[in-house]
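Colleague: Use the sequences and the hints to build the structure in full.
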Amino acid sequence: GNSVTQMEGPVTLSEEAFLTINCTYTATGYPSLFWYVQYPGEGLQLLLKATKADDKGSNKGFEATYRKETTSFHLEKGSVQVSDSAVYFCALEVFNKFYFGSGTKLNVKP
Amino acid sequence: NAGVTQTPKFQVLKTGQSMTLQCAQDMNHEYMSWYRQDPGMGLRLIHYSVGAGITDQGEVPNGYNVSRSTTEDFPLRLLSAAPSQTSVYFCASSPHQGGTEAFFGQGTRLTVV
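Read top to bottom, the protein sequences are chains A and B. Be aware that the first sequence starts at 1, since it is given in this note's numbering, and climbs by one per residue. Be aware that the second sequence starts at 1, since it is given in this note's numbering, and climbs by one per residue.
I should point out that these hints are in silico values taken from the structure, not numbers from a laboratory. Heads up, the beta-carbon is just placed ideally off N, CA and C, and yes, glycines get one too.
Just a few of them, taken from the derived set where beta-carbon distance is under 10 Å, the chain B residues facing chain A:
{"id": "1", "residue": "Val4"}
{"id": "2", "residue": "Gln6"}
{"id": "3", "residue": "Tyr31"}
{"id": "4", "residue": "Tyr35"}
{"id": "5", "residue": "Gln37"}
{"id": "6", "residue": "Pro39"}
{"id": "7", "residue": "Gly40"}
{"id": "8", "residue": "Gly58"}
{"id": "9", "residue": "Glu59"}
{"id": "10", "residue": "Ser94"}
{"id": "11", "residue": "Pro95"}
{"id": "12", "residue": "Gly98"}
{"id": "13", "residue": "Gly99"}
{"id": "14", "residue": "Gly105"}
{"id": "15", "residue": "Gln106"}
{"id": "16", "residue": "Gly107"}
Modeller: Structure below.
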């Protein structure tokens, strides 16, 4: 079946710290992989995506690489800001169906 | 460009009441879906539609009905609300093409008492 596992939160970091949020998946077929971000009281917004193995998605300083051999899509950022505080969801898509991880809440302190 | 619009934003229902959550998109997307978001469980697919007149069940369809009479609209109906349906509901749309992002509405926070 299709499923996504991501590290549980909350993750609390100081501003300018390095961020890694782990995400692994199981999938039938050839999934596309996504990271979405959710700010308080809002819907999900696309952060980045990768559609095939070894692709790297990047946006706003965040990066994630589609690793087929380890079935992973870890999210990284070199220097987080207070404004990055949000909930981050890893997701896979197969034939337009999305499967989401449970979400990781990130708190960034000044 | 409105994107995906959900109404209402908040709703309180009594057990046994019925209601419809509205969802509309103006991007001419074929694919639309409903998710519920519960603490620690991410988003779970309730129902989806690949085009007008075509709907199918997702992971957690029990207690919910959908229909798709137009490309733009995809309402979600709760026939007899139960406390277990207390959740945040998100509607999403995407082109019928793999590898493209889903666009989400702002969500409806539903409480069933």
